[in-house]
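Enquirer: In case you want the letters, here they are:
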Amino acid sequence: MAKGIVTPSRLFAACRIVFMPFEPVILFFLLGALAGLIRSDLRIPAVLYESLSIFLLLAIGLKGGVELARYPVSELVFAAACVVLAGALIPLIAYPVLAYLGKLPRADAASIAAHYGSVSVVTFAVGSTYLIGQGEVAEGYLTVFLVLLEFPALMIGIWLARRGEGGGENGRGWGKVLHEVFAGKSIVLLLGGLAIGWVAGSEGLKPLDKLFFDLFKGMLAIFLLEMGLVAASRIGDLRRAGWFLAGFAIVMPLVSAALGITTGLLLGLSVGGTTLLATLYASASYIAAPAAMRIAVPEANPGLSIGAALGITFPFNLLVGIPAYHWLATTLHGVFA
Amino acid sequence: MNRPLQTRKLLTIVCEAALEKRLEKELPQFGAHGYTISDARGSGAHGRRDAAWPASANIRVEVLCDEAVAEAVVRHLETKYFTSYQLVVFLSDVQVLRAEKF
Numbered sequence: 010m011a012k013g014i015v016t017p018s019r020l021f022a023a024c025r026i027v028f029m030p031f032e033p034v035i036l037f038f039l040l041g042a043l044a045g046l047i048r049s050d051l052r053i054p055a056v057l058y059e060s061l062s063i064f065l066l067l068a069i070g071l072k073g074g075v076e077l078a079r080y081p082v083s084e085l086v087f088a089a090a091c092v093v094l095a096g097a098l099i100p101l102i103a104y105p106v107l108a109y110l111g112k113l114p115r116a117d118a119a120s121i122a123a124h125y126g127s128v129s130v131v132t133f134a135v136g137s138t139y140l141i142g143q144g145e146v147a148e149g150y151l152t153v154f155l156v157l158l159e160f161p162a163l164m165i166g167i168w169l170a171r172r173g174e175g176g177g178e179n180g181r182g183w184g185k186v187l188h189e190v191f192a193g194k195s196i197v198l199l200l201g202g203l204a205i206g207w208v209a210g211s212e213g214l215k216p217l218d219k220l221f222f223d224l225f226k227g228m229l230a231i232f233l234l235e236m237g238l239v240a241a242s243r244i245g246d247l248r249r250a251g252w253f254l255a256g257f258a259i260v261m262p263l264v265s266a267a268l269g270i271t272t273g274l275l276l277g278l279s280v281g282g283t284t285l286l287a288t289l290y291a292s293a294s295y296i297a298a299p300a301a302m303r304i305a306v307p308e309a310n311p312g313l314s315i316g317a318a319l320g321i322t323f324p325f326n327l328l329v330g331i332p333a334y335h336w337l338a339t340t341l342h343g344v345f346a
Numbered sequence: 077m078n079r080p081l082q083t084r085k086l087l088t089i090v091c092e093a094a095l096e097k098r099l100e101k102e103l104p105q106f107g108a109h110g111y112t113i114s115d116a117r118g119s120g121a122h123g124r125r126d127a128a129w130p131a132s133a134n135i136r137v138e139v140l141c142d143e144a145v146a147e148a149v150v151r152h153l154e155t156k157y158f159t160s161y162q163l164v165v166f167l168s169d170v171q172v173l174r175a176e177k178f
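Chains as they are written, first to last, in the numbering used here: chain Y, 10 to 346; chain E, 77 to 178.
Just chain Y, with the same shape it has in the complex (with noise of 0.2 Å):
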């Protein structure tokens, strides 16, 4: 037995060479997406749900906050402009293919189009661990694109399921959906954090170093375990959803990463900072794009986007994307820099 091509020893160390590669952030997503997958009684509670979101976004906010504060906020003008137009095509690009070749009624194409339009800060976080970890660097600015990068799409998204609508029926006026986004959680928060870090800068943070950086990938950790488990209960709705949606989902953050990666060579980003822009425009939105899209366009089916964004493309950047536009970015920066 001993002497069989697989022994258990041989299991595991191939299964410790399979996992080893990923960040061990990644791991616990996996880990839960198993627990959800086995039907285990794990549960994250609401509560710590809420409170690991609250640390996540202020700890990401406080950190661009305090590398904002070395760049001169002229320079930023220009780049953040571009990034937020290059950005606006991601939805103007899905839209059509949803709803032409996938045949998507017109409500749930153009809400699936404003969560691939709009950002995951979740994905945004893994990007800048995983750079670390692979000794990049980053320009700090990354944090104000991601606030930006967050609302236009939703904005487009349902100005294209309203197209040719009287407009206004229903109460659902424009008044409550900029509400909700920008009063919302994460846009208060990630703000509040920016302006806190810029204001108070490295020295005056330095007192809560403790809890907002040197914890941030333990919280992460949890906060990722307990995205495997949503994930993992999105299974049924991607069954429903069809082939289209799950091969729009791998391609489309493909796309929108390569438009990110242009745009980071462009503007003349780090090797870091292309890379994190490319990660930043192939996320999708499971957060903030469903809860805007849910008063805005109550018509569109939630389970066909959220299955899309957080079944499949949320896991395909953070086991395939972020390395390979990582690799993309080192490449076409040796080529054209």
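The set of hints was computed from the structure by calculation and includes no laboratory data. Quantities reported herein were computed from a predicted structural model and do not represent experimental measurements. Just so you know, not all the hints are guaranteed correct.
[What the hints assert, rightly or not] Below 30 Å or equal to it, Euclidean Cα-Cα: the simulated BS3-like pairs (lysine-lysine) are:
1. Y:K112 to E:K156
2. Y:K226 to E:K101
3. Y:K185 to E:K156
4. Y:K215 to Y:K226
5. E:K101 to Y:K194
6. E:K97 to E:K177
7. E:K177 to Y:K226
8. E:K177 to E:K101
9. Y:K194 to E:K97
10. E:K156 to E:K177
11. Y:K194 to E:K177
12. Y:K219 to Y:K185
Following the hints, put chain E in place on chain Y, whose structure we already have.
Expert: Just chain E, lined up with the frame of chain Y:
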């Protein structure tokens, strides 16, 4: 000393948490004097819903009110939310003390 028990309607709405803010705003407009909202878990036509993750969270809204208010709220929910949102609404008769509160 003992006050009499009187009959009122208990209106129960089980719906997705996305509607919470709107219902909080609309219920008083229909004359409800108060309401109770709690997180809810369960299963139904839309699969298992749990209270843990915001996008798949459900809430249960309970309103004690007189029949006219209950009827008005139910009709409103029917026209405004039944097509696009997931909700279950039911009415029952309950005995309350201090009926003037509701």
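Enquirer: If you draw a straight line from the CA of K215 of chain Y to the CA of K226 of chain Y, is it 30 Å or shorter?
Expert: With Cα atoms ~18 Å apart, K215 of chain Y and K226 of chain Y stay inside 30 Å; holds.
Enquirer: Just to be careful, I want the Cα atoms of K97 of chain E and K177 of chain E compared with a cutoff of 30 Å; is the pair within it?
Expert: OK: K97 of chain E and K177 of chain E at ~23 Å, within 30 Å.
Enquirer: For a C-alpha distance cap of 30 Å, please report whether K112 of chain Y and K156 of chain E respect it.
Expert: Holds - the C-alpha atoms of K156 of chain E and K112 of chain Y are around 27 Å apart, at most 30 Å.
Enquirer: CA of K194 of chain Y to CA of K97 of chain E, is that 30 Å or under?
Expert: Distance of about 15 Å is within 30 Å: holds.
Enquirer: K226 of chain Y and K101 of chain E: Cα distance at most 30 Å?
Expert: Not satisfied, since the Cα-Cα distance of roughly 39 Å exceeds 30 Å.
Enquirer: Holds or violated: are the alpha carbons of K177 of chain E and K101 of chain E at most 30 Å from each other?
Expert: holds (19 Å)
Enquirer: Hey, K177 of chain E versus K226 of chain Y, does the alpha-carbon distance stay inside 30 Å?
Expert: Roughly 51 Å between the alpha carbons, so the hint for K177 of chain E and K226 of chain Y is violated.
Enquirer: Is it true that the CA of K194 of chain Y sits at most 30 Å from the CA of K177 of chain E?
Expert: violated (35 Å)
Enquirer: Given the hinted pair K156 of chain E and K177 of chain E, is their Cα-Cα distance within 30 Å?
Expert: holds (28 Å)
Enquirer: Hinted pair, alpha-carbon criterion (30 Å max): K185 of chain Y, K156 of chain E. Please report holds or violated.
Expert: Measuring from Cα to Cα gives roughly 16 Å; hence the hint holds.
Enquirer: Given the proposed pairing of K101 of chain E with K194 of chain Y, does the C-alpha separation stay at or below 30 Å?
Expert: holds (20 Å)
Enquirer: Quickly compare the C-alpha distance for K219 of chain Y and K185 of chain Y to 30 Å and report which way the hint goes.
Expert: Violated, at about 38 Å.
The structure fails hints 2, 7, 11, 12 (numbered hints given earlier, in ascending order).
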